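> Residue strings, one per chain:
There are 2 protein chains.
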Amino acid sequence: MDLQFLQDLIVPAQTKIAMIIMDGLGGLPLEPGGKAELETARTPNLDALAAQSALGLTMPVGPGITVESGPGHLSIFGYDPIQYRIGRGMLEAVGIDFELGPNDVAARGNFCAMDAAGVVTDRRAGRIPTQASRELAKLLTTKIDDVEFFVETVKEHRLAIIVRGTGLGVALTGSDPLRNGVPPLPVRALKSDSEKTARLVNQFIKRARSLLADKHPANMILVRGFDHHPGFPKFPELFGLRAAAIAVNSTYRGIAKLVGMQVLKVEGSAVADEFTTLEKNWNDFDFFYLHVKNTDLAGEDGDFARKVRVIEEVDALLPRLLALKPDVVIVGGDHSTPAVLKSHSWHPVPTLLYAKYVRADGIAEFGERACARGSLGVLPAKDLMPIALANAQRLTKFGA
Amino acid sequence: MDLQFLQDLIVPAQTKIAMIIMDGLGGLPLEPGGKAELETARTPNLDALAAQSALGLTMPVGPGITVESGPGHLSIFGYDPIQYRIGRGMLEAVGIDFELGPNDVAARGNFCAMDAAGVVTDRRAGRIPTQASRELAKLLTTKIDDVEFFVETVKEHRLAIIVRGTGLGVALTGSDPLRNGVPPLPVRALKSDSEKTARLVNQFIKRARSLLADKHPANMILVRGFDHHPGFPKFPELFGLRAAAIAVNSTYRGIAKLVGMQVLKVEGSAVADEFTTLEKNWNDFDFFYLHVKNTDLAGEDGDFARKVRVIEEVDALLPRLLALKPDVVIVGGDHSTPAVLKSHSWHPVPTLLYAKYVRADGIAEFGERACARGSLGVLPAKDLMPIALANAQRLTKFGA
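Taken in sequence, the protein lines are chains A and B.
Note that the working numbering numbers the first sequence so that position 43 is 43, with each residue one more than the last.
Note that the working numbering numbers the second sequence so that position 391 is 391, with each residue one more than the last.
Be a bit skeptical, because a hint or two may be false.
Intra- or inter-copy, both count: the list cannot distinguish identical chains.
Below, computed lysine to aspartate or glutamate pairings styled on EDC-like, alpha-carbon distance capped at 16 Å [unchecked claim]: (1) K265 - D8; (2) K155 - D227; (3) K356 - E31; (4) K342 - D301; (5) K35 - E68; (6) K342 - D47; (7) K397 - E68; (8) K206 - E237; (9) K35 - E365; (10) K16 - E148; (11) K280 - D146; (12) K397 - D8; (13) K325 - D284; (14) K356 - D122; (15) K215 - D146; (16) K257 - E148; (17) K143 - E279; (18) K215 - D104; (19) K35 - D361; (20) K206 - D2; (21) K342 - D214; (22) K215 - E156; (23) K16 - E300.
Don't read these hints as lab results, they were simulated from the structure.
On a predicted model such as this, the values are computed, not experimentally measured, just so you know.
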């Protein structure tokens with residue numbers, strides 16, 4: 001079922017959809033036979049909502065496939081992430097509100113530490129402070145031949161590098177070896193249309209190395225994930241929804257902006273601040289995406305107890321959403337990040353969908369095994385949007 | 001999600017995957033409300049493994065579709081059996097280790113009994129002994145015009161017929177009427193590129209009839225399933241796995257060889273002998289496919305009790321596999337063969353997937369209804385391989 005098919009069925013309605021995405025929500029027990037993070041968390045509000053919801057487990061891309069944030073989010077926004085692809089650099093550039101031109105190339109950059117032998121000793125340059133990173137980034141912004149290089153700090157060691165010029169293909173390998181203890185790689189063109197880009201990017205990197213020579217631990221840069229703006233069909237037009245995104249972290253703000261959502265300003269950075277933003281803007285939009293980052297960070301850190309606490313924090317805030325009387329509520333995640341694995345994983349993600357006319361499963365529990373018993377089954381995450389639209393009475397009959 | 005997508009995500013790991021396939025495993029109760037074969041069998045080892053596994057039901061091709069061994073196996077090996085097709089003749093030829101040339105055409109043949117009126121009275125020629133079959137096959141190997149016909153006994157009445165020459169298309173109908181009481185059919189070309197093949201095969205059959213005239217009950221041959229070597233992408237390269245196949249029956253050895261697995265020699269023909277082969281070769285491969293034929297044969301014979309006993313035999317051998325400490329274990333089947341139907345059927349196949357980081361369902365029972373409650377849901381059998389690879393930590397993230 002492609003997006004055009006769905007778009008042709010859209011009808012207007014006075015209904016609101018709220019999607020709460022806890023990043024990396026899905027988990028695993030610490031011990032065989034134990035409970036996963038979400039099953040361990042005390043979540044009376046989510047459990048009560050689950051009882052009135054349809055439950056299921058979402059797969060971001062397909063069985064067994066672990067995803068990065070980009071494809072994980074595209075999927076919950078209804079886009080097939082195999083068909084619609086985003087480079088990491090593009091996400092970073094859009095996330096920091098860089099005004100991209102149609103031919104600009106964006107890449108993800110890292111400040112890193114390199115030793116005298118040219119070996120990368122710390123891919124994250126000791127996570128240098130954001131302000132120091134900004135100062136160094138200014139040094140690197142330059143022009144080589146007819147091509148401009150903009151270097152912008154995202155946060156700490158993380159950079160967005162935008163290359164502006166003509167004839168710049170993006171079929172390139174990255175210079176980031178993705179591990180410490182080895183030298184950076186040369187950037188190579190995979191197609192002839194990208195040879196100019198490769199040549200200039202290698203010059204740019206060489207120049208950066210020289211400029212940063214005495215700036216240890218940020219004495220080198222690594223570059224990867226080159227891409228043009230993908231020009232995806234826009235979420236608000238596809239689905240007929242005035243759509244707002246509430247996220248603190250730039251990557252998620254970037255993804256939302258790439259699909260045309262309006263990214264709202266959040267005063268503060270706590271989940272409660274995000275709920276305040278939701279309340280303030282409730283009357284002005286039909287669809288809200290609210291992103292919670294700390295579930296994923298706790299999972300990546302292997303901190304089971306902290307992930308549990310973040311889930312409990314969201315649970316405690318849920319009544320503020322429900323007080324707004326949303327017509328459809330989805331609570332789910334973009335992928336799993338089990339604390340026991342300290343990384344994203346392939347496990348399907350617990351998901352609930354509440355609406356007035358949803359066929360509720362009557363399972364008064366929100367967790368991995370509860371969702372495995374739910375009537376949504378194990379479903380592609382991209383199927384959530386059509387189900388949400390149907391429950392929001394925003395899809396007409398097919399075949400009429 | 002196609003094979004190329006998956007192949008691009010493969011990373012190396014020091015992990016081992018074992019796949020135990022009980023042919024025709026899925027069943028049905030003898031009486032409504034009763035238990036199926038697997039549910040009836042006493043399987044303490046499988047039940048204990050199920051408790052630590054994710055359970056589900058696999059569909060070889062799609063809902064309602066009953067399969068032959070070829071597509072059933074391609075699917076569990078991760079290939080879409082609608083896209084990747086094998087002729088039955090090719091399976092037989094590869095299974096008996098016939099050295100096929102790239103342009104060779106292979107067909108499945110049967111010795112059969114025919115009466116004076118030209119009506120087939122026994123499509124299996126009384127299952128003549130293999131040795132007698134071999135003697136007769138020798139009579140039939142011949143050359144017509146510039147084309148060679150090799151006739152090789154597979155077992156009893158079953159033959160592989162290989163046609164070697166140039167300009168031999170394979171768009172042909174078979175001569176086998178697939179039931180007794182009617183005459184054989186003429187072989188017809190369905191496309192013009194196959195007219196030469198049709199003409200020569202009909203001449204070959206006419207010649208065989210004359211040579212076998214006094215050999216009742218093997219006084220005729222039936223031919224079907226013409227095909228070239230399919231040249232599929234190879235399993236070991238696709239998935240980065242040194243892959244071994246352990247099977248006694250030639251058909252399954254043939255399928256495994258067609259996808260590039262190394263087919264191991266089994267001393268003896270009992271399931272226990274297959275487990276001995278597994279143990280002996282454990283250190284040399286990353287992936288093991290172990291095939292159990294007798295579940296299917298018992299099902300085909302309508303022998304419910306015997307199918308139960310074969311399952312119990314496998315259950316008793318399971319600890320020998322587990323003692324090898326496999327990282328991922330799949331126990332399933334290529335299709336269902338309910339004894340009550342005496343044939344392959346469309347019913348999804350009970351399947352368990354055990355691994356250290358699998359999200360276990362905690363269902364301590366391996367059976368049709370237990371698997372219907374499992375978190376793998378009802379899934380295409382071809383999705384098992386990506387899930388197995390993920391659990392073997394052999395897939396990297398998508399979208400990095």
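> So, for every hint listed, does it hold in this structure?
Hints and how they fare:
1. For the homomeric pair K265 and D8, neither the shortest alpha-carbon distance inside one copy (32 Å) nor that between copies (38 Å) is at most 16 Å.
2. For the homomeric pair K155 and D227, neither the shortest alpha-carbon distance inside one copy (20 Å) nor that between copies (58 Å) is at most 16 Å.
3. For the homomeric pair K356 and E31, the shortest alpha-carbon distance between copies (10 Å) is at most 16 Å, but the shortest distance inside one copy (38 Å) is not.
4. Within a single copy, K342 and D301 get their C-alpha atoms as close as 6 Å, which meets the 16 Å cut-off; across copies the closest is 51 Å, which misses it.
5. Taking the shortest Cα distances, K35 and E68 never come within 16 Å of each other, neither inside one copy (25 Å) nor across copies (41 Å).
6. Taking CA atoms no more than 16 Å apart as the test, K342 paired with D47 passes in neither setting, with 26 Å inside one copy and 30 Å between copies.
7. In this assembly of identical chains, K397 and E68 lie within 16 Å of each other by CA distance solely across copies; the values are 6 Å between and 35 Å within a copy.
8. For a Cα distance limit of 16 Å, the shortest separation of K206 from E237 qualifies neither inside one copy, at 44 Å, nor across copies, at 37 Å.
9. With identical chains, the CA atoms of K35 and E365 are at most 16 Å apart within one copy only, with a shortest distance of 13 Å there and 20 Å across copies.
10. Within a single copy, K16 and E148 get their C-alpha atoms no closer than 44 Å, and across copies no closer than 50 Å, so neither meets the 16 Å cut-off.
11. Neither within a single protomer nor between protomers do K280 and D146 lie at most 16 Å apart by alpha-carbon distance, with minima of 46 Å and 65 Å respectively.
12. Taking the shortest alpha-carbon separations for K397 and D8, only the intra-copy value of 10 Å comes in at or below 16 Å, while the best inter-copy value is 34 Å.
13. Taking CA atoms no more than 16 Å apart as the test, K325 paired with D284 passes inside one copy only; the shortest distance there is 14 Å, against 58 Å between copies.
14. Neither within a single protomer nor between protomers do K356 and D122 lie at most 16 Å apart by alpha-carbon distance, with minima of 52 Å and 31 Å respectively.
15. Taking the closest pair of Cα atoms, K215 and D146 never come within 16 Å of each other, the shortest separation being 28 Å inside a single copy and 78 Å across copies.
16. Taking the closest pair of Cα atoms, K257 and E148 never come within 16 Å of each other, the shortest separation being 24 Å inside a single copy and 55 Å across copies.
17. For the identical chains of this complex, K143 and E279 are neighbours neither inside a copy (45 Å) nor across copies (63 Å), given an alpha-carbon limit of 16 Å.
18. With identical chains, the CA atoms of K215 and D104 are never at most 16 Å apart, being 29 Å at best within one copy and 67 Å at best between copies.
19. With identical chains, the CA atoms of K35 and D361 are at most 16 Å apart between copies only, with a shortest distance of 11 Å across copies and 21 Å within one.
20. For the homomeric pair K206 and D2, neither the shortest alpha-carbon distance inside one copy (45 Å) nor that between copies (39 Å) is at most 16 Å.
21. Taking CA atoms no more than 16 Å apart as the test, K342 paired with D214 passes in neither setting, with 34 Å inside one copy and 74 Å between copies.
22. Within a single copy, K215 and E156 get their C-alpha atoms as close as 15 Å, which meets the 16 Å cut-off; across copies the closest is 79 Å, which misses it.
23. Within a single copy, K16 and E300 get their C-alpha atoms no closer than 33 Å, and across copies no closer than 26 Å, so neither meets the 16 Å cut-off.
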